[in-house]
Amino acid sequence: MGPYIDGHLLSWLIFMPGLTVLSLLLVNGLFRAFFGSQGMPGEVWRALALSSTSLTAALGWGGLLGEFDPEYLGMQIIEHADWMPGVGLNYFVALDGISLPLVLGVITAVPLILLASWNQVLDSLRSFVFYVLALETAALGVLLSWNILLFHIFWQLCLVLVFFLIGTWGGRRSVRAATRFLLLTGLGSFCMGLAILIMAQFHVDSLGLPNLDLLATPWNPAPGLLEVPVMVPHGDAVWWQGDMGLFLGFTAAFATLIPLAPLHFWLPAAQRQTAGAGRALLPILLLPLGPYGFLRLAFPLFPDAAVAAGPVIQAIAAAGILYAVVLAALQSDLVRRLAYVSVAQLSLVVVGIFSLTESGWVGATVGTLSHGLTAVGLVLIVGFLFDRRTTFDIQAYGGLARPMPVLATLFALTLASSMGLPMLSGFVGEILILSGVAQGNPVILVACLVGIVGLAILLFVSYQRVAFGPMRVPENRGLIDIGLRERAVLLVLIVPMLWIGLYPNPLLRRVEPSVLEMMRYVDERKMELPALEIRPEVTP
Amino acid sequence: MNLASLGSLLPVPSLIMAVAAVGVLAGGVWGRPLASPRGARGELLLTVLASLSTLACVLWSVLEMTSGVGQEASGFFVFDSLAAVSTLLVGLSAVAIFLLSSTYLSSYRLPQAEYHALILFSLSGSFLCFGAQHLLVLVVGLELATLPLVILAGYDFERRTSNEAAQKSFFASAVSSVVLLFGVAFLYGSTGHLDFEGLKENLDPTRLVSAAGVALVFVGFAMKLGLVPFHQWLPDVQQGSPTSLSVYLAVCGVTTLVLAWMRLMLHGLPEMDVLLSPVFLTFSVATLFFANLMALFQRNLKRMLAWLAVAQLGTFMLAFAAHSPESYSALIFYLGVQAAGFVGAFGVVMTTAEGARERDRLEHFAGIARHRKILAVAMTVFMLNLAGIPGTAGFWARWQLLSASVAAGDLGFVIAQTLASVLTLYVCMRVPVVMFMREEELEMAESVMPSTVELGVLLACIAVAIGFGIWPDPELPLSFGGSLVDLLRGSVGS
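Residue numbers (the working numbering), protein chains in the order written: chain A, 989 to 1528; chain B, 19 to 512.
Worth flagging that the hints you see were computed from the coordinates, not collected in a lab. The C-beta atom is built at its ideal place from N, Cα and C for all residues, glycine as well. Careful: at least some of the hints might be erroneous.
[What the hints assert, rightly or not] Covered stretches of chain A, as calculated for chain B (at least 3 residues, CB under 8 Å):
{"no.": "1", "stretch": "1134-1144"}
{"no.": "2", "stretch": "1151-1158"}
{"no.": "3", "stretch": "1165-1172"}
{"no.": "4", "stretch": "1181-1195"}
[Unchecked claim] Sample of chain B residues lacking proximity to chain A, with all beta carbon distances greater than 10 Å (derived):
{"no.": "5", "residue": "47"}
{"no.": "6", "residue": "67"}
{"no.": "7", "residue": "80"}
{"no.": "8", "residue": "179"}
{"no.": "9", "residue": "193"}
{"no.": "10", "residue": "230"}
{"no.": "11", "residue": "341"}
{"no.": "12", "residue": "371"}
Take the sequences, apply the hints, and build the full model.
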């Protein structure tokens, strides 16, 4: 690694896509101003974006795997700069074992999605490229922030960008889907913002200066949020005015994004209405932020509240798995079916998180990554089918294994990983989560098992309807199999699935120390109070 | 008599504005007729004259602030730090509005001399009440500030809606002034004093007459501002007036009233703030939810922006309820950020106005992003600023104000404000949706290209909205408030 990257690796990763898009805008503007032309065509934008994101991916894989120390407990590759210490905001980014797999997933998926969209005819390709690159910056910012206000800022930017991504192409229904998305996630996000504001105020009251960094650093030696005592309601404060209220504020934001039933209803419409390969951005850039938020922020900051609310949320998530599987079975639209599958899989991840066991948390991290990869693969495959037949209806397909054997094979592999077949990545996540859940309530365990089996059956049946059986529809007879570009995209996605499934040790070895570290904060900050009582509010 | 004490004896910015107004009027009378090419240049000259004189006032206030303000009050008027900051805010907004209005008015073929003169008179009144130390000075300043706007509401006299706006504005202004003066009379009756010093010492809040006086004064202000439930006149006036006046009402009008009320609270009625807190909180919640809901149902962009301005008033009331130096300084910062946002948003509406047809319905902006990307992007930035999305100054303004409210203990109302903000977000996002995500329905003529001046003002507003959102100087929002905190504390004289 050259010296100019040393010490700023994470900032390069986060901002390279953003800087690319800004320079594209600048050059475009210069072209328009001085040459009077329309600026660079969208295809050029896409090509430049592809090279830039591939560079980011290479930088990430090389740099992060080179510099990341698997044995080190805690955050690494830290960067810190004062931004607005008066309000507690600092540019504080760091990497640890929990964010490492998700970051690698994001930087790998974006160039693949751009490559997959090569043949798309979109009205304003430049806008699409803009949103994809900006969204990559925002998502990486969320994953790498260790200052909660910075986290919040990147989070809201993600939401606004996804709003435009969903709604810009597709007419009235996509606008409705986008608005529904923004309202729901915006409400959660504003609740999180309010919780952060209250935390800052508590900090000022007790320590004099707001400090929203999670941990102390050499640049900001004041104790971070994870190192000061938890704020609890004192005196006659109402139960929601202490850490439970703050925890619920954070949960509101994360639960809408996971998405946790019953707040999941925006996802099928949003995924269906997003045009082209933008659909595949949601499972890898947006949805993983929810479980990550729980692991990074909600649990370590408010352990008592999390433990108290745990059984309720776990039950809701477990019910959500079953509910999503049933709803998925009722969908005839392939994209909507995949959206409900995502809901089910990420609800399982949430169950794993709230089991509050080490294997549950490691399983949750691996499961989120695995879900990201498989969901992207499945959505892209369905997209390839759409490119040929312009329909997502499952009835329109059948017997595709004959004209399109390569697609059917890769589809089968991706599907198998999604349903958790051993030797593929989904299995690793699932088995770890289940072993964590098994240490808790048996009812939840049974619900998860039923859900997993149901999901497997559902995915099997879907595959059979699409790839096997007689060729019901004559148009499918002449379909051309996927070309080199599409094969490359799917293979690059399948390789990690096989790798994690067959030899998960490199990944687990890096995730585990950070999980142990986060759980250490959870244990240290738990005050083992009796269950929070609801006291009647005393008016002053 | 040196220059330093001059500022305390005479309301200098007010006088500058009055002289400039007379000068602009004279220039209009003796200048060339409108239709000739010399006339067009003359109009531009008048705009420049108006802007320069406003900038002179701003410069004066900056000089006074940096040279150490004279605290000698004459009993009627003092140009202290609060007055200086208020003059700065309103003056800069007015300059931006002058620049935007000039193109707008000439496209309507409306005479600009009288327009600019009336605005300058209004500014004269605003600057007068910013430094008021006497209730009558405050009232005179407010009247001088609001009456010209009544006339200007009907400036586009060929349009029926403009006439209607003038009538409604007149009634609202008259009734609110009567209520205000009634309250002033009660205060005089109960304390025997009209100056703020005397009021502070002699006001006994437990007496019914005093309480009635304060209540009536506040209701008078609320009616002028358009707080719920005194809002009925506002949307029609905003929609009917020429857009250059709508923006002046939403920005300078509101800022003047809020700052005048702040002056009264800080200097004249300091003990009343604890008693009035519940009142402010009630108004805040009512305004927040009602105005946001009404904005939701609007099809006309000017009306929608007017309702959003009223909704922001609900947030301002939280600052008054918290009545701490931090909340007041956060409010001033918020006012500045709001000014930039609304000047920009109305500026985009003004830019697309064409000839004699006002294009202010949402449908007129459908699909504008295809060919006028700069306007669509600018409008999106201003809407995000209004909604308080991070990356814009509006986020930090809301953050500061809500922090101050939380510190003062109004947590429940802060939660209400957060819920209302989601409504604001939805309303604000409708505009980019229409601009980016719908097909172009009406043909956009080639003339709808922002002129250089308009573009400059829009870019300046974008720079404020985004610059204060990401300014690397860590202390700026707080130091702006911090130094203001000291100044406010000093000027309160406690």
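How the hints compare with the structure:
{"no.": "1", "hint": "1134-1144", "in the structure": "holds (count 3)"}
{"no.": "2", "hint": "1151-1158", "in the structure": "holds (count 4)"}
{"no.": "3", "hint": "1165-1172", "in the structure": "holds (count 4)"}
{"no.": "4", "hint": "1181-1195", "in the structure": "holds (count 8)"}
{"no.": "5", "hint": "47", "in the structure": "holds (43 Å)"}
{"no.": "6", "hint": "67", "in the structure": "holds (32 Å)"}
{"no.": "7", "hint": "80", "in the structure": "holds (23 Å)"}
{"no.": "8", "hint": "179", "in the structure": "holds (30 Å)"}
{"no.": "9", "hint": "193", "in the structure": "holds (36 Å)"}
{"no.": "10", "hint": "230", "in the structure": "holds (27 Å)"}
{"no.": "11", "hint": "341", "in the structure": "holds (16 Å)"}
{"no.": "12", "hint": "371", "in the structure": "holds (25 Å)"}
The earlier numbered hints are all upheld by this structure, with none contradicted.
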